[in-house]
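Hey, can you work out the whole structure from these sequences and the hints?
Chains as they are written, first to last, in our numbering: chain V, 1 to 707; chain W, 708 to 796.
If you are wondering where the hints come from, they were derived from the structure by calculation, not from laboratory data. Just to be clear, a hint being listed does not mean it is correct.
[Claimed, not checked] Listed below are the simulated DSS-like cross-link pairs for lysine-lysine, each with C-alpha atoms no more than 25 Å apart in a straight line:
1. V/504 to W/732
2. V/678 to V/437
3. V/437 to V/55
4. V/499 to W/784
5. V/42 to V/523
6. V/55 to V/678
7. W/784 to V/437
8. V/44 to V/156
9. V/346 to V/559
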Amino acid sequence: MALPTHISSGPSASLSRQPVYALVGNPNCGKSTLFNALTGLKQKVGNYPGVTVEKKVGTAYSQHGQPITVIDLPGTYSLAARSPDEAVTRDVLLGRRADTSPPDRILCIVDATNLERNLYLVHQVLDLGRPVILVLNMMDLAARAGLNVRAARLEKELGIPVIACEAVHGRGLIELKLAMSRPDLPLARHAWDIPAAIAPAVGELQASLIAHDRKAPLLARAEALLLLTDQDSVRVAGSSPLSSRTAELLRAWQERWSADGTDWAGTLVSSRYDAIGQIAAEVVLRDGTVGPSASDRIDSVATHPFWGWAVLGTVMTLLFLSIFTLAEVPMNGIDTLIASLADTVKTVMPPGDLRDLITDGAIAGVGGVIIFLPQILILFFFIGLLESTGYMARAAFIMDRLMSRVGLNGKSFIPMLSSYACAIPGIMATRTIEDPKDRLVTILVAPLMSCSARLPVYLLMIAALVPGDRVPLTTKVGIMILMYALGTFGAFFFAWLFKRTLLKGAPPLMIMELPPYRLPRLKDVAQHMVERGWLFVRRAGTVILGISIILWFLSAYPKAPEGTPPTQQLAQSFAGQAGHALEPLIKPIGFDWQIGIGLITSFAAREVFVSTMSVVFNVETTDDDTTPLRQALLAAKWPDGRPLFTPLVCFTLMIFYVFAMQCMSTIAVVKRETNGWKWPIFQTCYMTGTAWILSFVVYQSGRALGF
Amino acid sequence: MPDAPAPLSSDPSSIPLSQLAVGAKATVREFPKLGTAFLRLREMGLLTGTPITLVRAAPLGDPLEIKIRGYHLTLRKSEADHILVSPAA
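This is the structure we're talking about:
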């Protein structure tokens with residue numbers, strides 16, 4: 001039995017108000033470029049409630065200046081979602097999300113160089129029965145690849161407007177805006193044969209969706225078709241679930257087919273590709289044969305068994321060199337700016353608690369985080385660059401085998417590597433990991449990679465650890481490498497552990513497109529960087545401000561009598577008392593209450609440990625010269641006269657800093673990326689617990705060995 | 708979803724995709740019916756009868772890079788083991 005397969009032929013849909021468009025397309029087809037070209041800077045970036053999926057809405061203007069709303073939906077190859085991002089695209093289009101009303105019209109963008117696979121998604125979208133405009137992007141690249149893609153022919157085949165376009169060069173945008181502002185749009189002539197074996201099921205599911213889920217007939221048919229290929233369906237918060245009647249019906253059919261060996265999903269996919277194949281054969285003419293493309297030639301080096309490693313190593317070295325060198329200038333600038341801002345407030349306001357709250361709490365605390373912003377932004381820029389050129393996929397391809405040893409896939413590599421500079425961009429870059437469990441594991445272990453805020457602590461401890469006035473470079477480098485290696489090993493160990501226990505899942509897949517290499521659009525990369533940076537400042541900002549003020553309060557109260565030196569003020573403050581309270585807990589790892597204060601204030605950022613030690617031991621230091629502080633540390637004693645900072649204690653302290661979670665910005669970002677306090681609390685506990693246990697083992701065995 | 712067992716081939720010239728020589732062209736013959744991985748591969752256009760080229764293996768031997776329908780796709784050997792192809796003459 002075959003259902004009537006014509007969804008419609010020829011009617012048009014007109015709207016009285018300005019239409020809302022949804023922009024959908026495969027990854028790597030130029031969707032963001034088109035979205036930026038259409039909406040310019042008139043974009044609002046937020047989150048879909050309850051899920052960590054970016055929601056981008058922009059306003060485009062028609063040729064007559066009328067505003068048109070465009071929702072940029074996450075890129076996907078199919079409406080059968082396998083990641084939370086893809087699930088949002090599916091749910092918005094099917095009208096399953098209460099927070100986003102279904103779009104009136106759909107803008108489908110396809111890569112003309114790769115028409116068949118791109119049309120698969122279009123084919124599913126046309127099922128929805130909404131007016132669709134097809135954007136045939138990258139026509140120039142298709143021509144260069146020897147493909148003559150005939151837009152007029154495709155328009156005739158599908159019966160919807162097809163606009164040939166080169167979004168990167170802004171070509172075709174006027175035609176597209178004209179089509180978008182048309183008051184009515186034709187509906188697709190969308191005919192395809194649903195395989196006879198599953199047609200009855202489609203009919204029954206459609207009827208049930210209409211009756212029990214209150215869906216419109218066309219949408220119900222589209223959803224019925226989708227339910228049959230959406231195995232292990234990804235569900236996300238904010239999406240309305242299927243009625244039990246429909247779910248039951250679906251299960252019954254699937255059981256029946258499993259029993260009689262019907263390959264329902266495969267048949268459905270094949271019949272779509274059959275229909276697409278016929279269209280593509282009409283539309284695409286191949287102009288003879290062309291040799292290997294530029295991408296093929298680049299990849300023969302970039303993924304070569306030997307040169308591939310050399311390229312990866314060079315790219316990553318360049319990345320880190322530029323992060324540390326380029327960031328230095330703006331970091332110094334921010335440092336000066338923060339200091340002068342605090343000075344200005346000090347001269348303008350009368351002395352008192354409020355002034356101290358503003359200068360020492362808010363400005364100093366937020367400044368301590370903002371100082372890392374240049375690094376974070378540069379890292380975002382490079383991640384964007386790697387993504388838009390196509391090299392990111394190659395790095396994942398090369399690293400996949402290694403990452404699979406701990407149960408992750410190659411896509412976790414860049415987030416983990418970025419965390420060597422700062423865990424925040426690393427954690428925010430995990431959104432490219434499809435599997436939610438793999439993503440969570442990567443987030444949980446990323447802060448174990450030694451970030452740049454740990455460097456000042458390592459440097460100070462190495463200086464204090466090594467006798468003599470100057471630290472030989474080899475010793476410095478050797479101990480430093482040891483610390484980085486420990487963190488890296490720890491990250492891989494915990495990834496392995498979590499994947500086997502807490503977040504057990506199927507071994508991740510590595511089904512990934514290797515897109516052709518493309519020249520990056522610096523404007524898009526820069527816009528992405530600013531968006532991400534702003535998102536971090538806005539979302540983490542409140543938490544950071546709050547904790548900074550708490551930390552200030554802890555070290556400023558209770559007030560000592562006027563004229564008390566800062567060292568004594570800190571000693572008798574709540575932070576000092578907390579240090580004393582902490583002492584029984586940290587004495588077994590060789591730390592006294594003074595170091596305890598440093599551990600507490602490190603929460604603002606790990607490097608704050610250094611400045612706290614300066615206050616605790618009452619020395620004036622500059623960032624570049626820690627010699628006076630080092631001498632003060634070496635002179636520090638326990639009450640019974642034993643030296644406090646023995647080489648063993650310095651070493652133990654470094655190990656503690658490798659593993660402990662002491663960064664409020666990271667905690668704030670993890671909270672945002674995991675949508676709650678559960679995982680950041682777990683992460684803080686497991687990391688700091690590990691830090692204590694390892695420090696205990698090292699310190700106690702060191703003592704036993706006579707160090 | 709349990710791993711589908713490698714299907715028994717009716718065609719003696721078929722070999723698993725994972726055993727195809729680098730650079731060789733072939734046609735997909737048989738494909739496991741179940742499993743999220745195989746459904747996704749089909750949605751990406753890897754179907755029975757689709758011509759494919761094994762472009763290369765990653766530097767450490769896994770995953771594999773194939774070319775289908777004019778674009779490049781990666782998959783792990785553990786999946787390629789279950790896909791039967793017949794090499795082009």
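Verification of the hints:
no. : hint           : in the structure
1   : V/504 to W/732 : violated (37 Å)
2   : V/678 to V/437 : holds (15 Å)
3   : V/437 to V/55  : holds (22 Å)
4   : V/499 to W/784 : holds (21 Å)
5   : V/42 to V/523  : holds (15 Å)
6   : V/55 to V/678  : holds (24 Å)
7   : W/784 to V/437 : holds (22 Å)
8   : V/44 to V/156  : violated (36 Å)
9   : V/346 to V/559 : holds (19 Å)
Violation of the numbered hints given earlier is confined to hints 1, 8; the remaining hints are satisfied by the structure.
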